[in-house]
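Colleague: Take a look at the letters that make up each chain.
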Amino acid sequence: MGYVIDGHPLVPGAACGVALVSTDPLSFWGGYDQNTGEIIDRRHPLSGSNARQRILAIPGTRGSSTTTAVLLEAVHQGTAPAALLAMGVDTFLALASVVADELYGHNLPVVALAPEDFALLRSGQHLRIEADGRVHIDS
Amino acid sequence: MSTLLSPSDRAMLAGEHGPASQMAMRILERMRPIVGADAYLDITAAHIDSALYQGDATLAFAERLAALGARVAVPTTLNVSGVDEQGWHAWAVPEDWAEKARRQMVAYQSMGCKPTWTCAPYQESQRPALGDQIAWGESSAVVFANSVLGARTAQYPDLLDICAAITGRAPAAGLHLEENRAGQVLFRLQGVPSGLMESDSFYGVLGHLVGKAVGDRIPVIDGLEARPTEDQLKALGAAAASSGAVALFHMIGITPEAPTLEAAFQMRRPERVMDVTMELLRTARDELSTAGETKLDMVVLGSPHFSLAEFRALAPLLRGKRRHPDVQLLVTASRVVRALAARDGSAAAIEAFGGTVTVDTCILTTPMLPRKVETLMTNSAKYAYYAPGLLGTRIVYGSLEDCVCSAVSGRIERDDTLWGT
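Protein chains in written order, with numbering that gives the first Met the number 0: chain C, 0 to 138; chain V, 0 to 420.
In isolation and in its complexed conformation, chain V is listed as follows (with noise of 0.2 angstroms):
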């Protein structure tokens, strides 16, 4: 394989640009050929998971580089931090913790990061545009960036996003090339009613098929009746990309890539055609709860970050309504979004039905939960899957309605006719 450094690629590697950017050309060389890449291309935007605290190894990274004076060479955007900066003390959040975790969004602040702190970055930010070339990490962002926005990236690992935002460089490999991005495996619709196909609640059981069914192969998905809204795909994006390594997905007629079948799958033939029956998509969705019991503790709604238009759909079904005693609501979004549902009414709605809103993070990043809660319910199929090992908690998937009606009765409930079980 030959190797064609650019010299400024060079340049950093000998330390020319400072030591930090000769820190992360190091660890992006080392990487290059275990990618398969013979060369780096230029990127237009970085979006960093790194700022995760993790435990003390992340945050010696993070202040390594820091301390080496490392600055970000295009416009980038911040994951979740650990903590929820402002609110952390009103939950069960150790001060040891909240401190650390501080200490690592610092960091990634003093290298020139925006502190947007969203898994969602792409409902506030300049978003990328078709075949912009960009650096992501965060599954459930980069399989939107890829597949509903058409921008490429790979699926950047914790350590190495920020790697390519200090450069301004990433391996030509993988989904950044063209021909890595066509379609691999065809899901058709099979008799699934188009009542269904418009609700929310099927866009997180059909990711959660798709993701496992497919591993880290392309899935392609025909069939469908309905116009997905964006929250729909970034439902069905992030849940492909926890149930399996989905980075990128096509819809025949409405993602961008996708217009035909034969553009989907780049004239070549699938490797392997997969039926979804309502069978399936039972038992899909069946997968995604773990408790049978019908006592309630806590719903948990924003896994990716809550929009704005979600917010705007969960005010009215709270108004004139209040949580069961023993049942918390509690809302993840970004800082801006909050402010946005702030200003038109829909934050306060959660406020007056006894709810409450999380920024900067959400359950599964930051130690918030109290060990009490033992059994949640969400409309997220992301909490779903990763809830039980990461909390040790049960969960049920439901509704947005579902999960508003069993708040206020504190008990789980569930309207399954959609699902005709």
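The shape of chain C in the complex, shown without the other chains (with noise of 0.2 angstroms):
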């Protein structure tokens, strides 16, 4: 049984995967190995996990500017999440996507959710991400 819940397209694209779900907000910068994809903030509920390839989805980014960085190399290397969800605008998130879009053609799609509909999400469900925001939730 499966529904769907309408984002809003900071970085559009489409993209499918595994959810990766925390309520607490992560610094790539420290919180996330760009050889890997493991989070790596031992403060993070998500320690421990690996992102690449899912859709990993956090309420936002938080502290160091650095994030934006650290998300472009894990895109260069291959190891980035196949799409990001955050809740409300993460301007961090999406200008990763947009310069890993300039530099490398990469589309990693970003796409901000609601309060109420980011509480829907959980880890291990399927999700498809469509080009204008919305996302089916298959569980």
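Simulated from the structure, these hints should not be mistaken for lab results. Positions of the beta carbon are idealized from the N, C-alpha and C atoms, including for glycine. Certain hints may be false.
[What the hints assert, rightly or not] Which chain C residues face chain V? A few, computed with CB under 10 angstroms, are given here: (1) Cys15; (2) Gly59; (3) Thr65; (4) His75; (5) Thr90; (6) His135.
[As the list claims (entries may be wrong)] From the structure, some residues in chain C lie toward chain V, with a derived Cβ separation under 7 angstroms: (7) Ala14; (8) Ile39; (9) Arg61; (10) Ser63; (11) Leu94.
Two chains, each in its own frame: build the complex with the hints.
Modeller: Now the structure itself:
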């Protein structure tokens, strides 16, 4: 039984994959291993999980301005998530995606969700994202 | 949303100012609707975090802009780099890393940026003034510029800061605009002894607590019964920008946009009020330490980069003492501040103690620490926050005095008197 939520595409694109979800914000600098895709912030609930090719859903980023650089490196190394879902607008995630497109022509969809829609996401769900920002949840 | 691009903005987008300005303006123009701006404003200065080498992609971005002939349009300082350009050989930095990090430094210098290589540019270069519109990267510098200096900058991420510097333009949104600078969450200090409020280590802990509680909202701190130094405010902001996304805080009676509670909140009501008790402070302090054991490998100081005042506070603590043979002492600073500390003898005191000063970078941004370094001690809440994830080390947060005592004895020692434990 699946359902669909309407997101706002910050960087439009299509993607599908398995959700990795946290309600805690994540700094990619110090939090995301660009060589492997592992979440390495030992204070973060997703610590030890691997986000490579997953659809990573976090409320947003936090702290360091180097977050964008780490995400860009992850795109270059093939260790980035397949898409990113945030609660509201996250400019750091969007910027990394914009520059990945500028440099490598790589499309990394970034979608902003309303809090009540974000709350429907669970790790392990199969998600399909459309370019218009719709997210299909198959549980 | 109506869009108000200036003729010059349009000319840059059309490539009339060259391909580098075009690329920078194109990236800004893709970001503008995302940050919610319908126009740009002029900036008077920039501080660039993008020069920090992270890998082939950040280097490719830098060298692409440099090859296109990019030049910055406003006075621009550079944040820490990925390597101590002259001193890296003494550490565990791989040669390949050093070479690529150096190439990235060269690329940004070729654009006309000043080679300041510091996360605390306000300690040496000309400071922005109250109300100045600037585009700064580096979370700890951004929070200092907004909160302590009253300049106006968004939290510019890597890769966007340089686009603003090249075009001299920033999207008119966020903290650039007066109405977005009002306080949102009130923190009231309750029952905190004034002796603790006067101690340096209080500020890192308070920043950690506030950042974690507030996320990306604007905190207002009331009830401080001390006159904090700039270094204490620097520590508070850096900690709050590590545990949270704090880019601006107000402190009643202390910071320039907060003469009164009403001014700090721009006559609005706080979204939330939180009492900061000793119990919460003790919990926050405990969170900054991950090591339970007492064996120590290294003391690290200087995140954000050590100021001259901090060099001068450290020197007398070291005099006549020598580090334990198994413990290293490392201070990270800028070239300019190290040179000033060399002139007044405070750098020599570190050397006589058996310590080292590294410039241009820090332990978090260059792979300098040897593997055998497993347990660190620091007076920096920012180092304490990031070291476990970035370096895989254990870390203990303590005062400057605690750090020196521990470096001498070789065992972690903390004086908990002020914290009432």
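Colleague: Could you run down the list of hints and mark each one as holding or not?
Modeller: Verification of the hints:
no.	hint	verdict
1	Cys15	violated, 23 angstroms
2	Gly59	holds, 7 angstroms
3	Thr65	holds, 5 angstroms
4	His75	holds, 4 angstroms
5	Thr90	holds, 5 angstroms
6	His135	violated, 24 angstroms
7	Ala14	violated, 18 angstroms
8	Ile39	holds, 5 angstroms
9	Arg61	holds, 5 angstroms
10	Ser63	holds, 5 angstroms
11	Leu94	holds, 5 angstroms
Checked against the numbered hints given earlier, this structure breaks hints 1, 6 and 7; the rest are met.
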